[in-house]
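Residue numbers (our numbering), protein chains in the order written: chain A, 1 to 132; chain B, 133 to 264; chain C, 265 to 395; chain D, 396 to 526; chain E, 527 to 623; chain F, 624 to 720.
No lab work stands behind these hints, which were simulated from the structure alone.
Treat the numbers as computed from the prediction; the structure is a model and nothing was measured.
Ideal placement from N, C-alpha and C gives every residue a C-beta, glycine not left out.
Keep in mind that the hints are not guaranteed to be accurate.
Cβ-Cβ distance ranges computed for the label pairs, FRET-style [said to hold, decoys possible]: (1) C:Gly348 with B:Glu250: 36 to 46 Å; (2) B:Lys136 with C:Gly348: 42 to 52 Å; (3) A:Gln78 with F:Glu697: 37 to 47 Å; (4) E:Asn597 with B:Ser209: 24 to 34 Å; (5) E:Ser550 with A:Pro108: 29 to 39 Å; (6) A:Ser77 with B:Asp247: 48 to 58 Å; (7) E:Gln549 with B:Ser209: 36 to 46 Å.
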Amino acid sequence: MSEKKKIMFTVRKPPHGTIYVYEGLEVKLIMAAYDADISVVFMDDGVLALKAGQNTKELGIKGFEATYGALVDYEISQVYADRQSMEERGMTEDDLLVIGEDEDTEEPIRPQVIDSSEIAAMMAEQHNILPF
Amino acid sequence: MSEKKKIMFTVRKPPHGTIYVYEGLEVKLIMAAYDADISVVFMDDGVLALKAGQNTKELGIKGFEATYGALVDYEISQVYADRQSMEERGMTEDDLLVIGEDEDTEEPIRPQVIDSSEIAAMMAEQHNILPF
Amino acid sequence: MDWNGRGRTGVQGMKLAVVVYEGPYNHEASDSAYNFVQAALAKGHEIRGIFFYHDGVYNVTKLMEPPQDDRHIANRWSEIGAKGVDIVVCIAAAKRRGIKDEVLVSNVRISGLGQLTMMAIEADRVVTFGD
Amino acid sequence: MDWNGRGRTGVQGMKLAVVVYEGPYNHEASDSAYNFVQAALAKGHEIRGIFFYHDGVYNVTKLMEPPQDDRHIANRWSEIGAKGVDIVVCIAAAKRRGIKDEVLVSNVRISGLGQLTMMAIEADRVVTFGD
Amino acid sequence: MLHTVNKSPFMNQSLESCLRFTQSGDAILLIEDGVYGAAAGTGKSALVEEALKNHQVYVLSADLKARALTNLIEGVKVTDYAGFVDLVEQNLVHAWL
Amino acid sequence: MLHTVNKSPFMNQSLESCLRFTQSGDAILLIEDGVYGAAAGTGKSALVEEALKNHQVYVLSADLKARALTNLIEGVKVTDYAGFVDLVEQNLVHAWL
Chain A
1 MSEKKKIMFT VRKPPHGTIY VYEGLEVKLI MAAYDADISV VFMDDGVLAL KAGQNTKELG
61 IKGFEATYGA LVDYEISQVY ADRQSMEERG MTEDDLLVIG EDEDTEEPIR PQVIDSSEIA
121 AMMAEQHNIL PF
Chain B
133 MSEKKKIMFT VRKPPHGTIY VYEGLEVKLI MAAYDADISV VFMDDGVLAL KAGQNTKELG
193 IKGFEATYGA LVDYEISQVY ADRQSMEERG MTEDDLLVIG EDEDTEEPIR PQVIDSSEIA
253 AMMAEQHNIL PF
Chain C
265 MDWNGRGRTG VQGMKLAVVV YEGPYNHEAS DSAYNFVQAA LAKGHEIRGI FFYHDGVYNV
325 TKLMEPPQDD RHIANRWSEI GAKGVDIVVC IAAAKRRGIK DEVLVSNVRI SGLGQLTMMA
385 IEADRVVTFG D
Chain D
396 MDWNGRGRTG VQGMKLAVVV YEGPYNHEAS DSAYNFVQAA LAKGHEIRGI FFYHDGVYNV
456 TKLMEPPQDD RHIANRWSEI GAKGVDIVVC IAAAKRRGIK DEVLVSNVRI SGLGQLTMMA
516 IEADRVVTFG D
Chain E
527 MLHTVNKSPF MNQSLESCLR FTQSGDAILL IEDGVYGAAA GTGKSALVEE ALKNHQVYVL
587 SADLKARALT NLIEGVKVTD YAGFVDLVEQ NLVHAWL
Chain F
624 MLHTVNKSPF MNQSLESCLR FTQSGDAILL IEDGVYGAAA GTGKSALVEE ALKNHQVYVL
684 SADLKARALT NLIEGVKVTD YAGFVDLVEQ NLVHAWL
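If we strip away everything but chain A, and leave its shape as in the complex, we get:
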């Protein structure tokens, strides 16, 4: 069994009101160092964690937008957002934060917006799914 195991993370909670998104990000960064085929899917209120421009200074808690900006550097490039969740929350692709940049073109890379049926199909292919 030399094939890499497929592990998916699902992010369904909004940021900041609870620590789940933040501590969940720590898991993703650690797991990226292991030999697994990782994907991250933001759905429901999880897509709100992807909004660019979050500033937690006045709140007095640590933010994580900079860390998301390094996901591609951590070789986490399969990052998806559910289209319907975004639409219901008034979000467009332009609202999404940057998760890295293309090595060659230096173009910013953003999470890929996909439909729920695609997400369902991806879920079914996983070895395990961790909800964060």
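Once you have looked at the hints, place chains B, C, D, E and F on chain A.
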């Protein structure tokens, strides 16, 4: 200021999935020993805590139906349930557990089912409201 | 967007009580409560007391060691206590969860639900933060 | 109502991992996880590991003292650990919340998120309990 | 796949969300406060009634009894923790926390 | 009265429930994840738009900024923690936790 302060408790969470209903009940019993005019209002998923016949044995956690049965003995008799919350959850007055019995007639006493407008009016009259 | 007009004459001498239901870091409740208390003190209000219930009891363990660049929630509450604010941890909720005198930060005390009752009766306003 | 047909041939030798995100008593997650683990062991499955994350780290403090007539959640987990099941508490989540070696029940260890990673990769199934 | 749902459908959208991401043939297990979704005659019964057209829907007996739920939607299967383990044996799991 | 709401309206019914129990003239303060209810152009904007007919609706600036919300429903008032304290001075409070 010899007048008793009016304190209301609101119960909006379902039972057992979290401890809020259970630990909230402990507060009510303690507060009943103090000189205050106490009322308890069950609304939203809180009405589910009033369903008769709850049996937590297989779950392995402590139940509280017996304690609710003693509310009137603790002189907590202003106990209300929101009609619309009950209807949405398929509950009728017959589903409600007993919170005590009438001293004279020995008739069982159940929480009183009232409308949201009455609850709103009662809320506005309180000295303080504690959500549990 | 409008900005809420401030600088209005405050109702001085109002007694406020604050209740916290959730633990540190996991929920924003503790941060919201802290920011609220700081603002109330800055406006000259008396804090009749702060009561930790449910998982809120975890807020004041001195064993917590957050990362260097993060806030230290227990120490923050202890500093509020040092200003003379009565900070009470519910004994029943604390025992169940393993919070005892030996792990408490200073300027905080463990006591019974009667303290919450007194706060609800004596304070002009109770503000609750939770999940 | 139908009853789920049981007594089917189980898939023997399957490796299961269990992850718990919430603290004891406050949420049912810990009870659900415990009941699930007991049932899995009874059916002869291997538990590859149990991982406590987020507020789940509070499950294994020996300082907890629930009422006499209630379950002792930390001791229950310790008994599962005594059966040889690897029970891991996340060090980062634990430090932030004040859970350290000195307050742990026995048969439980503090380690890093790499342990969760290994469980997710090596276990045939991961089951997560939380809020 | 097996989807576990542990939230009351009256206050939380988790069950609706879960159903939006399931594929035909997936199993759904209602646990903890999620078991209220299996009750007949409520404002949310339609969710599970609809789900039953394409899914097996299970509900955990210990959680049902704790909540005094007896009148279940027809077709919902009651199971215990051993049955929960069976379902996990047979399926990749996602918890809709 | 002052009602505080701290849950996202997309996954939780707290804001809807709060609005069902308010009296005309009551103030509503959105905090924590509740601030998403103040965003314009979402599937839940209608709740606060309707509420503004009978209520003052406030939203906490620290929580707005943390969530990068800039496009608010017209008529919603942004306040800070000092303004939160002002609202508490003036009103009995109920938290819709």
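Here is how each hint holds up against the structure:
Judged by the Cβ atoms, the range 36 to 46 Å given for Gly348 of chain C and Glu250 of chain B holds: they are separated by roughly 42 Å. For Lys136 of chain B and Gly348 of chain C, the hinted distance range of 42 to 52 Å is not satisfied, since their beta carbons lie about 29 Å from each other. The given range of 37 to 47 Å is respected by Gln78 of chain A and Glu697 of chain F, whose C-beta atoms sit roughly 39 Å from each other. Distance hint for Asn597 of chain E and Ser209 of chain B: a CB-CB separation of about 30 Å, consistent with the stated range 24 to 34 Å.
The hinted window of 29 to 39 Å between Ser550 of chain E and Pro108 of chain A holds, with their beta carbons roughly 38 Å apart. In this structure the hint that Ser77 of chain A and Asp247 of chain B lie 48 to 58 Å apart at CB holds, the actual value being about 55 Å. For Gln549 of chain E and Ser209 of chain B, the hinted distance range of 36 to 46 Å is not satisfied, since their beta carbons lie about 53 Å from each other.
Violation of the numbered hints given earlier is confined to hints 2, 7; the remaining hints are satisfied by the structure.
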